[in-house]
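K.L.:
Sequence lines, in order, name chains A and B.
Per our numbering, numbering of the first sequence is gapless, rising by one per residue and ending at 311.
Per our numbering, numbering of the second sequence is gapless, rising by one per residue and ending at 1538.
Keep in mind that the hints were calculated from the coordinates and are not lab data.
Be careful, since some hints might not be right.
Claimed, not checked - Some chain B residues near chain A, calculated using beta-carbon distances under 8 Å: (1) 1068; (2) 1243; (3) 1279; (4) 1316; (5) 1340; (6) 1345; (7) 1374; (8) 1447.
Stated by the list, open to error - Derived DMTMM-like pairs (lysine to aspartate or glutamate); straight-line CA-CA distance at most 20 Å: (9) 1061/B x 169/A; (10) 83/A x 1420/B; (11) 271/A x 196/A.
Bear in mind that the values here come from a model prediction, so they are computed numbers and not experimental data.
All C-beta atoms, glycine included, are put in the ideal place defined by N, C-alpha and C.
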Amino acid sequence: MTSGSIRHHGIRRAFTTLTIGALALFGGAAQANPHSWQLNLTRGASTWSPVPYHLNNISLAVCTVIGLLVFGAMFVAMFRFRKSRGAVAEKWSHNTMVEVVWTTIPVLILITLAWLATTGVSSWADTTGSQMTVKVTGYQWKWRYDYVDYLGKPVAKVGFMSKLDQQSDDTRQLDSGMDPYAVKVGDENTYLLNVDKPLVVPVDTKIRFVITSGDVIHSWWVPATGWKIDAIPGIVNSAWANFTTPGTYRGQCAELCGQDHGFMPIVVVVKSKADFASWLAAQEAASGAPAAAPQTAQVAAPAPVPAGGQG
Amino acid sequence: MSYAATHDQHDDHHGAPKSFFQRWCMSTNHKDIGTLYLIFALTMFFIGGSFAMGIRAELFKPGLQLMQPYFFNELTTMHALVMIFGAIMPAFVGLGNWMIPLMVGAPDMALPRMNNLSFWILPFAFILMLSTLFLPGGGPAGGWTMYPPLSLQSNSLAYVVFAIHLMGISSIMGAINIIATILNMRAPGMDLMKMPVFVWSWLITAFLLIAVMPALAGAVTMLLTDKYFGTNFFNPGGGGDPVLYQHIFWFFGHPEVYIMILPAFGIISEIVPTFARKPIFGYKAMVFAIACIAFLSFIVWAHHMFAVGLPLGAEIFFMYATMLISVPTGVKVFNWVATMWGGSMTFETPMLFSIAFIILFTIGGFSGLMMALVPADFQYHDTYFIVAHFHYVLVTGALFAIIAAAYYWMPKWTGNMYSEFWGKVHFWCSVVFVNVLFFPQHFLGLAGMPRRIPDYNVAFANFNMISSIGGFLFGASQLIFVGVLIHAVWGSKKKATDRVWEGAKGLEWTVPSPAPFHTFEVPPVIHDDELAHGHADQ
Chain A
1 MTSGSIRHHG
11 IRRAFTTLTI
21 GALALFGGAA
31 QANPHSWQLN
41 LTRGASTWSP
51 VPYHLNNISL
61 AVCTVIGLLV
71 FGAMFVAMFR
81 FRKSRGAVAE
91 KWSHNTMVEV
101 VWTTIPVLIL
111 ITLAWLATTG
121 VSSWADTTGS
131 QMTVKVTGYQ
141 WKWRYDYVDY
151 LGKPVAKVGF
161 MSKLDQQSDD
171 TRQLDSGMDP
181 YAVKVGDENT
191 YLLNVDKPLV
201 VPVDTKIRFV
211 ITSGDVIHSW
221 WVPATGWKID
231 AIPGIVNSAW
241 ANFTTPGTYR
251 GQCAELCGQD
261 HGFMPIVVVV
271 KSKADFASWL
281 AAQEAASGAP
291 AAAPQTAQVA
301 APAPVPAGGQ
311 G
Chain B
1001 MSYAATHDQH
1011 DDHHGAPKSF
1021 FQRWCMSTNH
1031 KDIGTLYLIF
1041 ALTMFFIGGS
1051 FAMGIRAELF
1061 KPGLQLMQPY
1071 FFNELTTMHA
1081 LVMIFGAIMP
1091 AFVGLGNWMI
1101 PLMVGAPDMA
1111 LPRMNNLSFW
1121 ILPFAFILML
1131 STLFLPGGGP
1141 AGGWTMYPPL
1151 SLQSNSLAYV
1161 VFAIHLMGIS
1171 SIMGAINIIA
1181 TILNMRAPGM
1191 DLMKMPVFVW
1201 SWLITAFLLI
1211 AVMPALAGAV
1221 TMLLTDKYFG
1231 TNFFNPGGGG
1241 DPVLYQHIFW
1251 FFGHPEVYIM
1261 ILPAFGIISE
1271 IVPTFARKPI
1281 FGYKAMVFAI
1291 ACIAFLSFIV
1301 WAHHMFAVGL
1311 PLGAEIFFMY
1321 ATMLISVPTG
1331 VKVFNWVATM
1341 WGGSMTFETP
1351 MLFSIAFIIL
1361 FTIGGFSGLM
1371 MALVPADFQY
1381 HDTYFIVAHF
1391 HYVLVTGALF
1401 AIIAAAYYWM
1411 PKWTGNMYSE
1421 FWGKVHFWCS
1431 VVFVNVLFFP
1441 QHFLGLAGMP
1451 RRIPDYNVAF
1461 ANFNMISSIG
1471 GFLFGASQLI
1481 FVGVLIHAVW
1491 GSKKKATDRV
1501 WEGAKGLEWT
1511 VPSPAPFHTF
1521 EVPPVIHDDE
1531 LAHGHADQ
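Okay, chain A solo, but in the shape it has when bound (with noise of 0.2 Å):
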């Protein structure tokens, strides 16, 4: 069979498009943030995000090697094998060592892909060592953030409740009249991803949050966390985050949940150790106010200590 040759130069070819598709694919994936033009997936900005963005790169470039190989055969096939080009028909229709080749060198391809995926996955269910705590509850439709403990010490009283800024909520009304591209935070446009208030939370802390719903399904999803997880009302999901980088991360629910299921956008903020340990005793303080958010009762959190040495 003449398949051979064609294999190798489907690999040579194959390499030529990867490299010149990586430079284009992978360039501007450093930013966490959606942009325009943007082709894949983000980075992200925490210890684990960046193993889904590996391995949907190498999944990427598996599928895309197999695919040129599989669409290069079949493109020389309908070449070379026309009819007006005077091809007879052969009449085999069979080939065992092909079939079993070909049958052989995907199983070796998966199981590598199923390793990597494996590991990915194990570490991302290891929710241990945690020195934060972040209770997340998804509302019709807005977001519920209560700061559980942090670094072994309960945090007293601190949660609110955190949905669509003002702007794009009145930009985004049927016939508003208003223009999508003037809701801007400085020079980044935030349309449908800002929120009254943010998440707030310390960079290189390996926080971990735990996510309930009080009406329907939610799903919160951060890209720069690398994962979303659905919340869900009656059950208690965990996941955890390392934030590698201070700065803004902008993201959405991901669960279809009613009618403004798009306009309950996710906005965290990561700050120093030092500036988050400030903002966070600013909070407590301002929670010693009798009109502080009730604490809904889904998790069993440690019963609000007096925590005078925090801050």
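Given chain A's structure and the hints, the job is docking chain B onto it.
P.N.:
Chain B in isolation, oriented as in the chain A frame:
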């Protein structure tokens, strides 16, 4: 003998009844019922397509211009329900109805009256479901997956559940009929391992239908009792579990995905050998791969649920099982390419659609493999990457196969050749615009755009506009198809021969074109050389 019984119902068994009502509403003829199914599917395709046009129009640019978010959600929900249950599935049943008896040498389906019932349930089911759009409470807007608790907030739940029950009954009856026909009514000499791959694919699909439609019926009935009868299957406040619904739903939903693609595999496996003028490569492997995929489809359902917080062991199990599916699927693609290799190919419209199917379905398969990897799926899940993926496997997969089949068998149905020129115009428009429509959606998903949202940040504007333009043009291109169909039925002067295609093999090409109202009233004598797979050692 069952076919003897069919004889007795026809006073005049050489022609169709003259009265319109008698012929179409009371039909027990597999060809007429097949035609009804196909016309119904085409109608639903345009209704579902018009919903898609609405979706793409709203997503044309950022900001809400045309509709309230709730109506947008109704459109996405209805688009999916209509396309899946109204267009793709009935189209395959219609093709099966028309072609399976012709391909196995049977005079009709095994249960002709049930065949009539299983079709005529469908229009009523869809009238019921679509009517909700005009009712004060609005249509279903919780997604076609109807996840509780959201779906329990809908006022039209009872309508949709009842419509789904009807569709399920129709599907199960259709499946029983197909199994009974294939297992009991084959002409002597048509051994199982000599059957066309299309017949094999439908046999296996029918078993999938019987296995999983009751699971869907059960799941939606539980929704109904949760909403109206005070049960708490899915209500955590009463000790229920919303995730339970997802397990039951996807136990139906994943095999459902293969219900919509296995017959497509069968169609492609008929068309490629015909136009390559060479027997299909690895017939046994093809049949085995279909069976293998069908089996695996039962143990992968939770890959739709990687983000619900499954235990680590479950994530890993469902990841491995899902990845395994790519092996038999890969074998099928390799075998189609090997069928072309060394052939003598011509590129009529059915072949063009089949080649596009192989390439574009494979692209959908690639993204499927990528999202099997749990950590990557944490990013892909519920984004436009998923939307792109399943439209590649369902539009350029299932739908392209249906269109290919329509062009392939149309001369046998109508007795006329369709216009090859306009068929090719339809093909090139479709294949270009469908990629303009769906390929940019991969980028949108990777950049972080969630699915099922009516409005988006301006970062997603460029690709959404490209996608919408592709969508409108793809939609418009399908009107060419209607033109080709109308021309082929009523306008075409070019008569089809019995064999139609030079390389066509199989019993369906031994009957005249158009196929007479009754065929194979006497079982045909089968010569192995006439069959595509007549020699069992292949």
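K.L.:
Hey, does the residue 1345/B contact hint survive, CB to chain A under 8 Å?
P.N.:
holds (5 Å)
K.L.:
Identify whether the interface hint at residue 1316/B stands, where standing means a beta carbon of chain A within less than 8 Å of its own.
P.N.:
Holds, about 6 Å.
K.L.:
Quick one, is the residue 1374/B hint okay against chain A at 8 Å, beta carbons?
P.N.:
The hint holds - residue 1374/B has a Cβ within 8 Å of chain A, the shortest such distance being about 4 Å.
K.L.:
When the nearest CB of chain A is found for residue 1068/B, is that gap smaller than 8 Å?
P.N.:
Nearest chain A Cβ about 6 Å off; hint holds.
K.L.:
Measuring from the C-beta of residue 1279/B to each C-beta in chain A, is the shortest one below 8 Å?
P.N.:
holds (4 Å)
K.L.:
Taking 20 Å as the top limit, are the C-alpha atoms of residue 271/A and residue 196/A close enough?
P.N.:
holds (17 Å)
K.L.:
Interface hint check: residue 1243/B, Cβ to nearest Cβ on chain A, cutoff 8 Å. Holds or violated?
P.N.:
holds (6 Å)
K.L.:
Please verify whether residue 83/A and residue 1420/B have alpha carbons no more than 20 Å apart.
P.N.:
holds (17 Å)
K.L.:
Should the interface hint for residue 1340/B be scored as holding, given a Cβ-Cβ cut-off of 8 Å against chain A?
P.N.:
Constraint on residue 1340/B satisfied, holds at 4 Å.
K.L.:
Is the interface hint for residue 1447/B satisfied, with its Cβ closer than 8 Å to some Cβ of chain A?
P.N.:
holds (4 Å)
K.L.:
Just to be careful, I want the Cα atoms of residue 1061/B and residue 169/A compared with a cutoff of 20 Å; is the pair within it?
P.N.:
holds (17 Å)
The structure meets every hint from the earlier list without exception.
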